[in-house]
Amino acid sequence: MSFFVKGIFLEQKKEPMLTRSTLVMRQEFEYFDCDFPDTPVEELSAKQIIELARLAGIVDESDGKMLWEKLEKANSGECGTLIVDAIDDEPYISSQMSICIHQPEKLALGIELCEKALSPEKAYIAMYRHILDSNFGIPSKIGKYRVKKIGGRYPAESRVYRHIPKGKNSVIVGACAMLHLARAAEESRKMTSCFITVAGDVVKNPRNVEVPIGTTAEKILELCGLTEEPEAIILGGSMTGRAIFEPENETVGPTTRGVIALARSYGTYSYTCIGCGRCDHACPKALSVCAMRKFAEAGKLDMLQQYDVSMCIGCGACSYVCPSRIDVSATLLKAKKQIEIAKKEGTL
Amino acid sequence: MKDRLMFQNAPHVRQSESVVTIMSGVLFALLPIYLMSLFYYGARSLVLGICGAFFCCAFSAIGSLLLHEKPVPDLTPIITGLIIPLLMPADIPYYVVISACAVAIFVVKLPFGGTGSNLFNPAAVGFASVAICWPELVFRYPATMQAIEIFGESTAKIAQSPAYSLSFGAVPDYNVLDMLLGSAPGPMGATNILVVAACGIFLIVKKAVNWITPVSFLVPYALLCLAFPRISCSSFDALCFELFSGTIIFGAFFMLTEPVTSPKRDFGKLLAGISSAIVVFLFRYFGEFEIGFASALIVMNVFSPVFDAVCENILHAFRHKDSIIATFKSDKVRKKLSDNQDIKAEEIKEEPVSEDEQEKNAEVIEEIDLSEKEESGEEAVQ
Chain S
1 MSFFVKGIFL EQKKEPMLTR STLVMRQEFE YFDCDFPDTP VEELSAKQII
51 ELARLAGIVD ESDGKMLWEK LEKANSGECG TLIVDAIDDE PYISSQMSIC
101 IHQPEKLALG IELCEKALSP EKAYIAMYRH ILDSNFGIPS KIGKYRVKKI
151 GGRYPAESRV YRHIPKGKNS VIVGACAMLH LARAAEESRK MTSCFITVAG
201 DVVKNPRNVE VPIGTTAEKI LELCGLTEEP EAIILGGSMT GRAIFEPENE
251 TVGPTTRGVI ALARSYGTYS YTCIGCGRCD HACPKALSVC AMRKFAEAGK
301 LDMLQQYDVS MCIGCGACSY VCPSRIDVSA TLLKAKKQIE IAKKEGTL
Chain Y
1 MKDRLMFQNA PHVRQSESVV TIMSGVLFAL LPIYLMSLFY YGARSLVLGI
51 CGAFFCCAFS AIGSLLLHEK PVPDLTPIIT GLIIPLLMPA DIPYYVVISA
101 CAVAIFVVKL PFGGTGSNLF NPAAVGFASV AICWPELVFR YPATMQAIEI
151 FGESTAKIAQ SPAYSLSFGA VPDYNVLDML LGSAPGPMGA TNILVVAACG
201 IFLIVKKAVN WITPVSFLVP YALLCLAFPR ISCSSFDALC FELFSGTIIF
251 GAFFMLTEPV TSPKRDFGKL LAGISSAIVV FLFRYFGEFE IGFASALIVM
301 NVFSPVFDAV CENILHAFRH KDSIIATFKS DKVRKKLSDN QDIKAEEIKE
351 EPVSEDEQEK NAEVIEEIDL SEKEESGEEA VQ
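Residue numbers (my numbering), protein chains in the order written: chain S, 1 to 348; chain Y, 1 to 382.
Everything labelled a hint here was simulated from the structure, so no lab data went into it.
Please read these numbers as outputs of a predicted model, since none were measured by experiment.
Each hint should be verified, as a subset may be incorrect.
Straight-line alpha carbon distances no greater than 25 Å define the calculated PhoX-like cross-link-like pairs of lysine-lysine that follow [said to hold, decoys possible]: (1) Lys168/S / Lys207/Y; (2) Lys190/S / Lys166/S; (3) Lys343/S / Lys300/S; (4) Lys116/S / Lys47/S; (5) Lys206/Y / Lys166/S; (6) Lys6/S / Lys207/Y; (7) Lys122/S / Lys65/S; (8) Lys294/S / Lys343/S; (9) Lys335/Y / Lys168/S; (10) Lys321/Y / Lys336/S; (11) Lys206/Y / Lys6/S; (12) Lys344/S / Lys300/S; (13) Lys70/Y / Lys294/S; (14) Lys332/Y / Lys166/S; (15) Lys190/S / Lys219/S; (16) Lys168/S / Lys148/S; (17) Lys122/S / Lys168/S; (18) Lys122/S / Lys149/S; (19) Lys149/S / Lys6/S; (20) Lys321/Y / Lys343/S; (21) Lys329/Y / Lys166/S; (22) Lys321/Y / Lys335/Y; (23) Lys149/S / Lys166/S; (24) Lys321/Y / Lys6/S; (25) Lys65/S / Lys190/S; (26) Lys321/Y / Lys332/Y.
Coverage of chain Y stretches by chain S, computed from C-beta distances (three or more under 8 Å per stretch; other residues unrestricted) [unchecked claim]: (27) 7–15; (28) 334–340.
Simulated restraints, written as ranges between beta carbons of each label pair [claimed, not checked]: (29) Ala43/Y / Arg242/S: 55 to 61 Å; (30) Arg129/S / Lys335/Y: 44 to 50 Å; (31) Asp322/Y / Asp63/S: 19 to 25 Å; (32) Ser134/S / Phe7/Y: 30 to 36 Å.
Don't be surprised by glycine CBs; every beta carbon is placed ideally from N, CA and C.
Please model the entire structure based on the sequences and the hints provided.
Below you can see the structure in the form of structure tokens.
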């Protein structure tokens, strides 16, 4: 499969964010009461740890699910592997990696708790290693946990799933969630904040910040400063996020990974598809993107389904490489949604 | 801050390489070839190139006016217009070039929807059509190192091209070095093998063309020429004559690699390259004209959607390999079951399928369900 699947190399631009420590926005901490306040961290049982995650209201930032639900589901059977997701393969985004680098003790404690709750066969941290434009060293061990370096091209996140042994309850948790779990166990702190990368070519002090959930994008950009008026503000990653128009009304949540301000939007550049086939080669799922885009524009849903448009993960690699700057990825995602609707209505 | 914000779809970072940079790379690569023909045939070659490019642009502008479309800045007609004269002799009358351009734009490009939708390589069809209409003009090559009059009837000395000698089995009068440097007569742009190859390598390094296409065409073609030589001399000389005569090298780098009409994936390009090598060889081995490349290319353009479909089918099987294996397994079990049933039916006619086998069957079906669920779960997480 890897012969056909290529993906793309991206300029990662993580250097300034990773070398600086996380900036914490002033906030009031909230604490929760639990039934076992005096139990030391080392003596917590599996059930108590899951209860802690529930009381602290920890949301996993990698998929937006509640951590305690994930843990309980994984705990119901034999747990195979615990993978801590610290893969930041999108340009600029580095909030999970900066936790691994600047707060390794807390992270190790969180993973230890999680390991105690699940008792998996093995546990490791997954990090993206191909940060080609900066010579930043990735630690080989955090606490007692091995760091598995995921190499190769963007998107790397989908490749993690290949390492999971089949037939067992394996679980992937985010690094920020582990940090919050450690805080909940040590200080009984609720999860009221999230880790966000503020970056872009017009941001004065690009760095990772810890802000309360619900802070507006405008406020976060004010915190880091702007050198000039941005033409595009993006909530989320630079490959998969969405452009926003009202930064004073848009708030960040637990799953928001970054706020990116760019001086120029790439603009409207209308040129017809010349059929170079770069999108086909960039697709990490080996889909025939070029043909599917034509079907999507002609509205042929049955052909799209035959070409497996439902396997599209919306990574945006096809749009990135397109020399005609066509919004291939957006077109395909729209077609995917249309097919889902048509299936529900029973017309397909 | 609010007024300046623009809408854009994800991803918000894009590659700096665009259609314009790719096309201007190709234009830049065509420039040295024109300079070489300027050296060998005088200023007429440059005027021919300008004429071709101008008329192709004019024709596509007329076409977009006729279709009531807004003309978009487009570099592809310029490339088509520059490639067409390079396939022809330097003393070709202007009306032949202009009619080739007219065919390329009005017959091949516009009826199918303009740039990006043409079924055939416009330059190849334009050249092939004028080669059929005026074969005595298109295949009559002037000798090199003489300045041809820019306007009016050409009085240039005519020479026999190596491709023509090869077509009736004669050894050409030129040595290999002549052919490499381009002092042998032939098409205006295709004889300077060293320059053409250097420009082709420039295109590959610049990633304007994929290296697989020229390599997968030239290597099988060379092997075929070695296996079935047309002339009786040392095999190395025969190979060089076959490869360097006609438009083989030029076509491999500049015409076969046209993105619109070639397959999309590397594997498809490989298949297309190998099969077009075979077809070009057949055209040159058995064909009437000494240059079979353009006509062979038109034939191969028809098949590029087929190669795309082959790739898609292979990948479709790869994507669904789990479910295919599962169905294969369940088919086997079912076959076993039905075989057992037959035997039992012969022995005891009334007894239904035993419970064990039914359970087995159910297990297999469950397995299929599970694998499907896993797949969908993965995607949801991602």
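Hints, one by one, checked against the model:
no. : hint                            : result
1   : Lys168/S / Lys207/Y             : violated, 44 Å
2   : Lys190/S / Lys166/S             : violated, 34 Å
3   : Lys343/S / Lys300/S             : holds, 14 Å
4   : Lys116/S / Lys47/S              : holds, 10 Å
5   : Lys206/Y / Lys166/S             : violated, 43 Å
6   : Lys6/S / Lys207/Y               : holds, 16 Å
7   : Lys122/S / Lys65/S              : holds, 22 Å
8   : Lys294/S / Lys343/S             : holds, 21 Å
9   : Lys335/Y / Lys168/S             : violated, 31 Å
10  : Lys321/Y / Lys336/S             : holds, 22 Å
11  : Lys206/Y / Lys6/S               : holds, 19 Å
12  : Lys344/S / Lys300/S             : holds, 17 Å
13  : Lys70/Y / Lys294/S              : holds, 22 Å
14  : Lys332/Y / Lys166/S             : holds, 23 Å
15  : Lys190/S / Lys219/S             : holds, 22 Å
16  : Lys168/S / Lys148/S             : holds, 20 Å
17  : Lys122/S / Lys168/S             : holds, 12 Å
18  : Lys122/S / Lys149/S             : holds, 16 Å
19  : Lys149/S / Lys6/S               : holds, 18 Å
20  : Lys321/Y / Lys343/S             : holds, 24 Å
21  : Lys329/Y / Lys166/S             : holds, 18 Å
22  : Lys321/Y / Lys335/Y             : holds, 21 Å
23  : Lys149/S / Lys166/S             : holds, 21 Å
24  : Lys321/Y / Lys6/S               : holds, 19 Å
25  : Lys65/S / Lys190/S              : holds, 16 Å
26  : Lys321/Y / Lys332/Y             : holds, 16 Å
27  : 7–15                            : holds (count 9)
28  : 334–340                         : violated (count 0)
29  : Ala43/Y / Arg242/S: 55 to 61 Å  : holds, 57 Å
30  : Arg129/S / Lys335/Y: 44 to 50 Å : holds, 48 Å
31  : Asp322/Y / Asp63/S: 19 to 25 Å  : holds, 23 Å
32  : Ser134/S / Phe7/Y: 30 to 36 Å   : holds, 31 Å
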